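Q: Sequence:
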Amino acid sequence: MRLPNELILDMVEHMDVRTLKAFMATNKELCGFIKDHEHSISKARAAIFPLPPLGNVLSSATPERNVLLQNTFSLLHELEIRELRIDYLIQKHPEFFNLASPPGLPPLTMEQQGRLGPLIKRALLQCDAMADIAANAPCKPIGEEYYSLITSGVWSVSPLPRGLRNMDPFTNVHARPGQVAYIDSLPLADVAVLLFLINMLGFGFSQAKKFDGSDPTINERITVFEECVLRHGSWFVWAHVSDRATMREMAGHMLRAGLTELTEWETGAEGVLQGLKMTLVERFRQLARAPGDRVVLKMLKVVKELVC
Numbered sequence: 010m011r012l013p014n015e016l017i018l019d020m021v022e023h024m025d026v027r028t029l030k031a032f033m034a035t036n037k038e039l040c041g042f043i044k045d046h047e048h049s050i051s052k053a054r055a056a057i058f059p060l061p062p063l064g065n066v067l068s069s070a071t072p073e074r075n076v077l078l079q080n081t082f083s084l085l086h087e088l089e090i091r092e093l094r095i096d097y098l099i100q101k102h103p104e105f106f107n108l109a110s111p112p113g114l115p116p117l118t119m120e121q122q123g124r125l126g127p128l129i130k131r132a133l134l135q136c137d138a139m140a141d142i143a144a145n146a147p148c149k150p151i152g153e154e155y156y157s158l159i160t161s162g163v164w165s166v167s168p169l170p171r172g173l174r175n176m177d178p179f180t181n182v183h184a185r186p187g188q189v190a191y192i193d194s195l196p197l198a199d200v201a202v203l204l205f206l207i208n209m210l211g212f213g214f215s216q217a218k219k220f221d222g223s224d225p226t227i228n229e230r231i232t233v234f235e236e237c238v239l240r241h242g243s244w245f246v247w248a249h250v251s252d253r254a255t256m257r258e259m260a261g262h263m264l265r266a267g268l269t270e271l272t273e274w275e276t277g278a279e280g281v282l283q284g285l286k287m288t289l290v291e292r293f294r295q296l297a298r299a300p301g302d303r304v305v306l307k308m309l310k311v312v313k314e315l316v317c
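Adding 9 to a residue's 1-based position in the sequence shown gives its number in the numbering used here.
Don't read these hints as lab results, they were simulated from the structure.
Take the hints with a grain of salt, since some may be wrong.
Unchecked claim - So the derived label-pair ranges between C-beta atoms look like this: (1) E314 to T35: 50 to 56 Å; (2) L306 to S161: 32 to 38 Å; (3) P13 to E314: 47 to 53 Å; (4) E153 to P103: 36 to 42 Å; (5) G152 to A109: 43 to 49 Å; (6) L306 to N228: 16 to 22 Å; (7) G277 to N228: 14 to 20 Å; (8) F58 to A190: 33 to 39 Å.
If you're wondering where the values come from, they're calculated on a predicted model, not measured in any experiment.
Each residue gets a CB set at the ideal place from its N, CA and C atoms; glycine is no exception.
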């Protein structure tokens, strides 16, 4: 005898996707019933995530980052994977996520670390939300042929015809206006923690790379790393520290493409848009009324008040 439909729906709304798929595999009729209700089940489940998606999201299964449609089990599975990866990154990679003694703050107690951790997680999820803007209208999916140019190094070549440059999957300029609008909609606390997050990750990146002090591009390389976090979210951080050589290689291509775009912007190339880090700094200055030389100190003050 099968359970009542209402009870089945209530049960599956509390299952993760792996458990749900196993449950569906137990009975053909049950599987069909659940598939018929995929939209409502997925909508209810997505709503309980710390930062529910605003629409479609980008897959992290492949470098091409295929679009996963809103209110589907595939999207739910991606959200679950992101949460697990972010938790793993924060717990297992103190070289980037040093909660005990974060750059710019005094050593933190366990209680204070317990407050900082969720703030950092939320900031990474907000970076994911910015990346997902590329999965929604008016943005259109970037064709596979443009991804196929990645390994040839085309996207780190400068100059490129503007029409081709605009198809760079790593800079994804079509998503930039929406990403800027997202940042401009955030309140002071969220902006401060986002700024703190990328500063923390940029510091970890610089420490790990052990740059030669004579390299004139050090600051630009750190800025590009921070920019990639804002554009690509936790997927980029995961790729950068991944055990898989293909993922680390992909992160390297992202950094080179980002450095090319930054260089073009600094040299006044036509049609190059302002980056997200600059937008974030400007938003913080606006909200905190902080002059340019006081942004970092003011940001640390806001974060310290949230944590300590």
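Q: Which of the listed hints are broken here?
A: Those not satisfied are hints 2 and 8.
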